[in-house]
Amino acid sequence: ACGKSDDNKGNDTAKNGDKKAAFSVAMVTDVGGVDDKSFNQSAWEGLQKFGQDNGMKKGVGGYTYLQSKSDSDYSTNLNTLARQKFDLVFGIGFMMQGAVDEIAKQQKDKHFAIVDSEVKEPNVASILFKEQEASFLVGVAAAMTTKSNKIGFIGGVESEVIERFESGFRAGVQAANPKATVDVQYAGAFDKAELGQSIASKMYSSGVDVIFAAAGATGNGMFKEANDRKAKNPNATVWTIGVDRDQSDMGKDVVLTSAVKRVDVAVQDIATKAKEGNFPGGKVTLYGLAEDGVAAAPINSSVANKADIEKAIKDWTDKIKSGAVKVPGTLKELKTFKAK
Amino acid sequence: MSLMEILIIVVPSTLLWAAPLIFTALGGIFSERSGVVNIGLEGLMLIGAFTSIVFNLTFVGTFGNATPWVALIVAMAAGALFSLIHAVAAITFRADHTVSGVAINLLAAGLCMFLVKQMYGKGETAIISKGFNKIDIPVLKDIPIIGKIFFQDTYWTSFLAIIVAIFAWYIIFKTPFGLRLRSVGEHPMAADTMGINVTKMRYLGVIISGALGGIGGAIYAQSIANNFSHATISGQGFMALAAMIFGKWNPLGALGAGIFFGFAQSISIIGSSLPFLKDIPNVYLLIAPYVLTILALTGFIGRAEAPKADGTHYIKGGR
Amino acid sequence: MDYVIEMLNIRKEFGNFVANDNITLQVKKGEIHALLGENGAGKSTLMNVLFGLYQPEAGEIRVKGQPVKITDPNVANDLGIGMVHQHFMLVDVFSVTENIILGKEITKGGRIDIKKAEEEVRRISEQYGLAVDPQAKISDISVGMQQRVEILKTLYRGAEILIFDEPTAVLTPQEITELIQIMKTLIKEGKSIILITHKLKEIMEVADRCTVIRKGKGIGTVNVSETNPNELARMMVGHDVVFKVEKKPAEPKQDVLEINDLVVKDSRGLTAVNGLNLSVRAGEIVGIAGVDGNGQSELIEAITGLRKAESGSVKVNGKELINHKPRKIMESGVGHIPQDRHKHGLVLNFPIGENMVLENYYQKPYSKNGILNFKEIYNQARRLISEFDVRTPSEYVLARALSGGNQQKAIIGREVDRNPDLLIAAQPTRGLDVGAIEFIHRRLIEQRDHGKAVLLVSFELDEIMSVSDRIAVIYEGRIVAVVDPKETDEQELGLLMAGSSRKEAGTNV
Amino acid sequence: MSKRLQGIITPIIAVLLGIIVGTIIMLVSGYNPISAYNALWNGAFGEVYYFGEVVRQVTPYILAGLAVAFAFRVGLFNIGVEGQFIVGWLAAVWVGTSFDLPKIIHLPLAIIAATVAGALWAYIPGLLKARLRVHEVIVTIMLNYTALHVSNYLIKNVLTNHKDRTGMIKESASLRSDWLQSITDYSRLHWGIIIAVICCFIMWFLLERTTKGFELRAVGFNQDAAQYAGMNVNRTIILSMVISGAFAGLAGAMDGLGTFGYVTVKSGFTGVGFDGIAIALLGGNTALGVFFSAILFGALKVGALNMPLEAGVPNELVDIIIALIVFFVASSYIIRVVLNRFGKKDVK
Ligand SMILES: Nc1ncnc2c1ncn2[C@@H]1O[C@H](COP(=O)(O)OP(=O)(O)OP(=O)(O)O)[C@@H](O)[C@H]1O
Ligand SMILES: Nc1ncnc2c1ncn2[C@@H]1O[C@H](COP(=O)(O)OP(=O)(O)OP(=O)(O)O)[C@@H](O)[C@H]1O
Ligand SMILES: [Mg+2]
Ligand SMILES: [Mg+2]
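Residue numbers (this note's numbering), protein chains in the order written: chain S, 1 to 340; chain Y, 1 to 319; chain E, 1 to 509; chain R, 1 to 348.
No lab work stands behind these hints: they were computed from the structure. Glycine residues also receive a C-beta, built at the ideal position from the N, C-alpha and C atoms. Be aware that a few hints might be false.
[Said to hold, decoys possible] With a Cα cut of at most 20 Å, we get these calculated EDC-like pairs of lysine to aspartate or glutamate: (1) Lys105/S with Asp185/R; (2) Lys115/E with Glu105/E; (3) Lys248/Y with Asp92/E; (4) Lys174/Y with Glu57/E; (5) Lys110/S with Asp185/R; (6) Lys332/S with Asp279/Y; (7) Lys215/E with Glu57/E; (8) Lys328/E with Asp224/R; (9) Lys335/S with Asp310/Y; (10) Lys120/S with Glu171/R; (11) Lys308/Y with Asp340/E; (12) Lys174/Y with Asp113/E.
[Said to hold, decoys possible] Okay, the calculated bits of chain Y under chain S, using three or more residues with CB under 8 Å as the criterion: (13) 126-140; (14) 266-277.
Using the sequences plus the hints, can you model the full thing?
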């Protein structure tokens, strides 16, 4: 509401934007904030795109976000946005499930959406991704890239979402190269880059040549390790696979691909539906390959068999989209998974 | 996995993780040896991490490959400057050292994130392009066995930490400065009657701790995290504090403790690849470093005595 | 007149309190000048002003006739003024040499040249006859040696004028003799000395002149050869003082304390009490004479349960109490005036009132059902404060704010009031002025007369001789002799304390 | 100026100074301080909803502050409140979800479970300190991480079947109240605040009025004298850690049974335990002081959430202001010196 901050943001706040009671939408991030290079950022990008496409302004009455500083802030933030009369409020991340559930019951005339979790309330749209499908594809890529037949997986904190990444990834590896083994290790944290780095170092040292990290900022350590190894020895085969968005910027020589989760697509989609009066309240909307909700990022151009990999990914994508292959989303399903 | 393989994996990652801890713990030692309790180490690391990343991002064009080293020096200066707040509060204003240290932590966290948002308009910085890289130490790397374990795929900063720790030990125990610093932390009134400026020594102790804490943060940021966000420094300062106590306020002790922490951490990582540990729940490996530390403390370390006047104010003529 | 030091009309205030009010002190070259005054008279303050630790509000200081501003101890050092403080200013964890060179280190290429420094220390210590081990850690050496280190510190800095603040309060008779010898040597070497002491005997023995202050004001300076202890005491307190404690012959009854073959280790794991036997009867005061470090502290700690005994037996009223909990022992009728009043005797940050019930706070009427009854606690405190003449603004001030003498009176009041069958008094009068000492001695004797057993540990032979009914000499953790104070003298005791057998000592008389 | 008056004025001045410096920072960095403070105020007290949220936030803050303060009073630095908080939260939800009992039994049982869990978690450093003289700071730091990982494991593998979140606790174990929520416009205000206030009283009473408190304080000031006086120093050290941990565990129950009603897998610390350190120190480690500083912290934290939206100011600014306030309170010596100087002038 004051001089400089407005200039900075290049946008206006609500105070002078009272033209009409237009559609407004907001989101609450978890402690990561909108620049976590991961799904908060992706969600915010989607929201911004939606806002710009619809000629909305940033701020109250348009589109905005609130960042949480701890778990107990989710509820307050969701509530604040609902009170500011935003028509639709997104809660980004499974951590917000409880808070969304609760506020949705209280603010029955408002619409909410939750990403990565399910809330069974008529005014809440639940957005779930089939992470396993994207990670299946990167698993295929990993399996076709590895020379040592040793592949690594670094998980952040053991949770349902990361379990989907893990099982999909392992299924993909298994499908494309049954001889390859996957070394799975959880760091126990999403914010400990040193753990990511040490785990990656261990994996590379023990012969692993492709690692997939579904571990937030912990994964940064993996990129660091791979870049270091590459810088030291340009002939080293140290591949990494990013997560959530195309993380090729984390190291142009070492990022093989990324398991992309198009939170932005989902957010835009739900927002658009809500604006048009088709809000999928009370329903779970699943975003998988078929819905363009997840994808494998482009394969690094310096991979020798890039074309083969791309072809394989295309084939598997078709199979998955058609339902011919059902990618396992839990470790239990993985046990019985057989690639046809 | 053979023992050799294990060592080749464990040792470099131990040293990598130990380096920032060692620097910061050494900082704590200088401060506490002078009698000023410093639980603000976390904050000092934060300032160091923040400064180094910002500097690195801004000046990488100017300094090229030397950027991380220059950033290290800048972070050192920033840490020293920031620690002055603690010095003024704890020494001149006679603030409770613990309270002031807590304030340092809170302030650093708030300020750095505030500035990141102010400068970049978002909650975290970009990734730096020139950090500290893996290296093989020339000559030493060729020593049979040892060379491969200790001197290959490692970081200059790790060895810098070891050298600085030894240097700090020398300073503290072998030089007039060290003698005076310790005397001020043990019995400031005695030092005063010997014509030593207690206030000056304590300021120096705190400023050095700021400088070393800044370096610790900068090393962490530039060799591990590669950018700065709210999560970059999350608890490492407290681990450094623990390393300082674990090492009994002795630089070589802190060196050992830092390496021990790094080792415990690495062991927990390697554990999942060892046949006999493979099937135990992950949680045991996750808590292993912490439990090991507690066991080590109860087992062979025994009681650690802080400098006698640690945390006290020196008031001329007081009792 | 050839004065090395002149402090003219010095005034020093602490807040609203005037600690030094227009005091003048003039010290001639080559003399030992005594400074005498009650506890809190302002002696230490005056010396701290001279040493640059405090800045005076008014007055002038001249060194060798030149007016000077002594802004900090460095300036004092440069002017050749050195001070041996009342509370030693030594860093426990440093070696003797490190303590001496601190602030004026001998270096080689940036590092301390410890070899050379040790040689230098050895050289000075030989020159002035101050035997020390340059490599020993302060925490490992005796109080006497610590004091020699203090003196060496000043000499190392080339001090010409030495200030001794109550140097003998912590010394054994032998050490005092040695110190007096050292002071005489120093004078011969051309130094001048200002000596603060409460012991008139010492003043009479070594001092040339004596300046007396009372309640912050200068009373006057006298030539020692032209005065006597009674006059000095009168100047100091403003009225006549009785020195000799009046006491009736003891009427000892049954054994209250019986110690058999007691073995106790010290903190370093060395045997400190080594098969000690001792008994104290109801209605008598047994004084333990001995050089510091012969197991006195460990003995007391073992009796009171503060330290684990290895073996042996400690019975009080016939009940075995060895290695029982301190509280159990206390409840069995043992009272204890501890040696270190700041460390053990008081919680300095508690009000003096709460300190008065430090040991029986949990008993009725101070506590009921686990709840404290502050009314009763403070009633008791007020009673003790008036009965034992503890000078304090109120019972609510922190114990920290009281002077040493008054803190001690409070502790004694608390212990005596519990009316223990056995009262252990360790160094009960250390650092106190004559008035306070007399008061405490009378209280101890009163306890005896009430049929209680009193065990007195003191390094002051005077005190041991005048208060005890029997004297047990402790040497290397054993009682080596038990003598009747009426049938011995300081010399014999001194020899016994140094390890000679009774016979040898006897033949030496 | 009387000591008591000074004791009240000094923190107020510290708060004012913190706000002044915060204002300067905003001016320098180009934000509008008036709208920022306005947003802060509105976000804390502007609506009854926010007021309810402030009180909700204050509840665990009071208890975490008491936990730190209590240990401090006995000369111990309990950095482990965070870990004790986490295990308390877990235990409360565990009991809250696992049984079907009448409220009169279930709720107290859940609360006691949290208290006991926190107390046990703190018993470890207490025991190690008392018996082996191991520095409590290291042990509590290490136990924080241990608590985090163990509780995550238990949530995934014991409380749930590989879920990230437990179900809601049974109504019979809940501290929530429809009435409290309705009068505060659906804030998460719950009955826990009563417990927190009672605990303030308990802490005060325990320390200042009871025999045990006498021992605890004596040990805090001078262990040697306490031992000399026949107190069991080791037992007192353990007791103080246990009580401190009990407060921390109780704070966890406030979130487990009140604010959230469930527990989730945590990717990092909640921060409540660390905020507790600042709260305790700001409150001078006394019960009343903790009460007021928890209110200040709670209001600032909740109000801060509103600042980016209403005033475009990053909410880190509030962290800075909190830090500054802690600083100025710590430096109250200098404030007192200045006050005394003014005081004197007035008299003359
Ligand atoms: N730092 C201080 N702050 C306030 N008052 C002080 C301080 N130091 C000393 N005083 C006051 O000055 C008076 C003189 O104290 P000083 O230590 O000089 O006495 P003293 O003559 O050395 O006593 P003693 O024989 O016990 O050593 C004391 O009674 C005390 O009230
Ligand atoms: N920091 C202080 N603030 C207030 N008063 C003080 C302070 N330091 C010392 N004093 C005062 O100094 C006086 C005595 O000081 P001093 O150290 O000379 O005591 P003392 O009687 O010599 O004790 P001791 O026997 O322990 O040497 C006390 O009355 C005390 O009130
Ligand atoms: Mg004195
Ligand atoms: Mg004295």
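Comparing the hints with the structure gives:
1. Distance hint between Lys105/S and Asp185/R is fulfilled; the C-alpha atoms sit about 13 Å from each other, no more than 20 Å.
2. Pair hint Lys115/E plus Glu105/E holds up; C-alpha atoms about 12 Å apart against a cutoff of 20 Å.
3. This hinted pair checks out: Lys248/Y and Asp92/E have alpha carbons roughly 17 Å apart, not beyond 20 Å.
4. Between the alpha carbons of Lys174/Y and Glu57/E the distance comes to roughly 41 Å, so the proposed pair goes past 20 Å and is violated.
5. Between the alpha carbons of Lys110/S and Asp185/R the distance comes to roughly 15 Å, so the proposed pair stays at or under 20 Å and holds.
6. Pair hint Lys332/S plus Asp279/Y holds up; C-alpha atoms about 17 Å apart against a cutoff of 20 Å.
7. Between Lys215/E and Glu57/E the alpha-carbon distance is near 17 Å, which keeps this suggested pair within the 20 Å criterion.
8. A distance of roughly 17 Å separates the Cα atoms of Lys328/E and Asp224/R; the hinted pair therefore holds under the 20 Å criterion.
9. For the hint pairing Lys335/S with Asp310/Y, the CA-to-CA distance comes to about 59 Å; that exceeds 20 Å, so the pair is violated.
10. Between Lys120/S and Glu171/R, the direct Cα distance comes to roughly 19 Å. Compliance with the 20 Å bound is thereby established for this hinted pair.
11. Our distance criterion of 20 Å between C-alpha atoms is met by Lys308/Y and Asp340/E, whose separation comes to about 18 Å.
12. For the suggested pair Lys174/Y and Asp113/E, the alpha carbons sit about 9 Å apart, so the restraint of at most 20 Å is met.
13. With 6 residues having a beta carbon nearer than 8 Å to a beta carbon of chain S, the stretch 126-140 of chain Y meets the requirement of three or more and the stated coverage holds.
14. Remark: the stretch 266-277 of chain Y is confirmed as covered by chain S, as 5 of its residues place a Cβ nearer than 8 Å to a Cβ of that chain, reaching the required three.
Violated hints for the displayed structure, listed by number in ascending order: 4 and 9.
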